[in-house]
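Q: Listed below are the residues making up each chain.
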Amino acid sequence: QQQVKQSPQSLIVQKGGISIINCAYENTAFDYFPWYQQFPGKGPALLIAIRPDVSEKKEGRFTISFNKSAKQFSLHIMDSQPGDSATYFCAANFGNEKLTFGTGTRLTIIP
Amino acid sequence: DGGITQSPKYLFRKEGQNVTLSCEQNLNHDAMYWYRQDPGQGLRLIYYSQIVNDFQKGDIAEGYSVSREKKESFPLTVTSAQKNPTAFYLCASSIIARPNTGELFFGEGSRLTVL
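Chains as they are written, first to last, in this note's numbering: chain V, 30 to 140; chain E, 315 to 429.
Just chain V, same shape as in the assembly:
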């Protein structure tokens, strides 16, 4: 079963625009929500993460918004740049249980 649903599958954004990727989860026990960034031919790397005791976390141009009641969280990339072109995965888990990943979003930033 898919416990973390991610959308859209692909996204094209103009340089300088805002990229938004959404995830929804089912397991209310989840207490850790990371986002990973993967460049072609490389392994994913942790980008930013949030816990459900806060509604938003910002690191530079990257922001996670978290809506606990709706069981949704999203990644916003402000002032998107060509170097942000990558595949982004949301994920979730609780305790020391294994991470459950979303299906990924391929982001392309065009000039």
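Read the hints as simulated data drawn from the structure, not as lab findings. This structure is a prediction, so every number in the text was calculated from the model and none was measured. Heads up, a few of these hints could be off.
What the hints assert, rightly or not - Taking lysine-lysine pairs in the PhoX-like style, the calculated list, with each CA pair at most 20 Å apart, reads: (1) Lys127(V) <-> Lys371(E); (2) Lys71(V) <-> Lys323(E); (3) Lys71(V) <-> Lys87(V); (4) Lys34(V) <-> Lys97(V).
Following the hints, put chain E in place on chain V, whose structure we already have.
A: The following block gives chain E in isolation, referenced to the frame of chain V:
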């Protein structure tokens, strides 16, 4: 530099052959993982290990086997029983902390193609 090393980066296999993918880490992490990545399907967990000489099946373990004889090493064997083995395989590691710090450190992957 600390990190995770996967080898080989590219591997071609004939149908019916077993192949073993190597994963070595020098981060002193307790936990290690193998994921399979296919387009549009995200990262699916094959096997994971939280301690030497112990490992658990993930969501898609059929046709795969692993061993964890050393903390630093977690090789994955793709057996001939795996019906669709062509994929990008990713190894990862993490510390085990309570509460969960959660971060997985990934290698650069091994791309397996079955001819």
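Q: For each hint, tell me whether it holds in the structure or not.
A: Do the hints match the structure? See the list:
1. Lys127(V) <-> Lys371(E): holds, 11 Å
2. Lys71(V) <-> Lys323(E): Within the cut-off at roughly 10 Å; holds.
3. Lys71(V) <-> Lys87(V): violated, 25 Å
4. Lys34(V) <-> Lys97(V): Judged against 20 Å, a Cα distance of about 15 Å means the pair holds.
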